[in-house]
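Chemist: The whole structure should be built from the sequences, with the hints applied where relevant.
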Amino acid sequence: MTIKFKIELPLIPNDLAKGTFEDVFYDEEPYLSNQLITNTSRENDSIERLFLSKVIFQKVSLINSDFYKIDMTDVIFENCDLSNSKFNEGIIHRVTFKNCKLLGVDFSGANLGNVSFEGCMMNLCNFGVARLKQICFDQSSLRGTSYYDCQFKKVKFEHCDIDEVDFSDTPLNNVDISTCTFERLNVAIKDLSGCVISSEQAIGFAELLGLKVKR
Numbered sequence: 002m003t004i005k006f007k008i009e010l011p012l013i014p015n016d017l018a019k020g021t022f023e024d025v026f027y028d029e030e031p032y033l034s035n036q037l038i039t040n041t042s043r044e045n046d047s048i049e050r051l052f053l054s055k056v057i058f059q060k061v062s063l064i065n066s067d068f069y070k071i072d073m074t075d076v077i078f079e080n081c082d083l084s085n086s087k088f089n090e091g092i093i094h095r096v097t098f099k100n101c102k103l104l105g106v107d108f109s110g111a112n113l114g115n116v117s118f119e120g121c122m123m124n125l126c127n128f129g130v131a132r133l134k135q136i137c138f139d140q141s142s143l144r145g146t147s148y149y150d151c152q153f154k155k156v157k158f159e160h161c162d163i164d165e166v167d168f169s170d171t172p173l174n175n176v177d178i179s180t181c182t183f184e185r186l187n188v189a190i191k192d193l194s195g196c197v198i199s200s201e202q203a204i205g206f207a208e209l210l211g212l213k214v215k216r
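Each residue of the sequence shown is one higher than the one before, starting from 2 at the first, in the working numbering.
Mixed in with the good hints, there may be bad ones.
If you anchor each label on the Cβ, the simulated ranges turn out as follows [unchecked claim]: (1) N175 <-> L12: 25 to 31 Å; (2) Y69 <-> I204: 40 to 46 Å; (3) K191 <-> I92: 27 to 33 Å; (4) G205 <-> N15: 46 to 52 Å; (5) Q152 <-> S34: 26 to 32 Å; (6) I92 <-> H160: 24 to 30 Å; (7) N174 <-> S47: 37 to 43 Å; (8) Y32 <-> E9: 38 to 44 Å; (9) Y69 <-> K154: 42 to 48 Å; (10) S194 <-> E9: 36 to 42 Å; (11) E184 <-> N100: 23 to 29 Å.
Please keep in mind that the hints were generated in silico from the structure rather than gathered at the bench. For every residue, glycine included, the Cβ atom is placed at its ideal position computed from N, Cα and C.
Modeler: Encoded structure:
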């Protein structure tokens, strides 16, 4: 049986001032808070240890950028394109990605808590060696994404495409993938213990074990 839990949503005031992302380039310590950023397009930026708090990004494109060791709390990304950007070794807490394009985004080594990915295109993302606690992937495409050697605690996948996902060395105890679609996963049998799957998926895993299933 899966563990039921709720994601803590971003805590953001209703009266955010409109701002520009360019502001972070003029501060000695890159910091952005209590702002609404809309209709911005930038590429190939590199900002180390960027701090974001109580910020909403709407229709923003920040592709192929390096946000190494980013620290963001209470942030919402809506209809944004962050493809091929890096958030590796970042701290990501109470953050929502909604209808975003996150192709090839690097979350490796990051610490994620109370984060939801809703209706996102996330193929080929890298979560290697990341820590994920209270995370929801909902109606998102995760084809070819890597969760190598991750720590999962209260993580759920709901109606996602997880074909060719790599769960190597990541225990899936209490993780529910029963509503997800896939043809092939990279996962060790030992790490499937306690994973919640559908009856149809069970047949496929049985065949992986070398069992002959009469259909």
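Chemist: So, for every hint listed, does it hold in this structure?
Modeler: Each hint, compared with the structure:
1. N175 <-> L12: 25 to 31 Å: holds, 27 Å
2. Y69 <-> I204: 40 to 46 Å: holds, 43 Å
3. K191 <-> I92: 27 to 33 Å: Taking Cβ atoms as reference, K191 and I92 lie about 30 Å apart, which means the hint holds.
4. G205 <-> N15: 46 to 52 Å: At roughly 47 Å between Cβ atoms, N15 and G205 fall inside 46 to 52 Å, so the hint holds.
5. Q152 <-> S34: 26 to 32 Å: holds, 29 Å
6. I92 <-> H160: 24 to 30 Å: holds, 28 Å
7. N174 <-> S47: 37 to 43 Å: With a Cβ separation near 38 Å, N174 and S47 satisfy 37 to 43 Å, so the hint holds.
8. Y32 <-> E9: 38 to 44 Å: This hint is violated: roughly 23 Å between Cβ atoms.
9. Y69 <-> K154: 42 to 48 Å: violated, 25 Å
10. S194 <-> E9: 36 to 42 Å: Violated, at about 28 Å.
11. E184 <-> N100: 23 to 29 Å: Holds, since E184 and N100 (Cβ atoms, about 25 Å apart) stay within the stated range.
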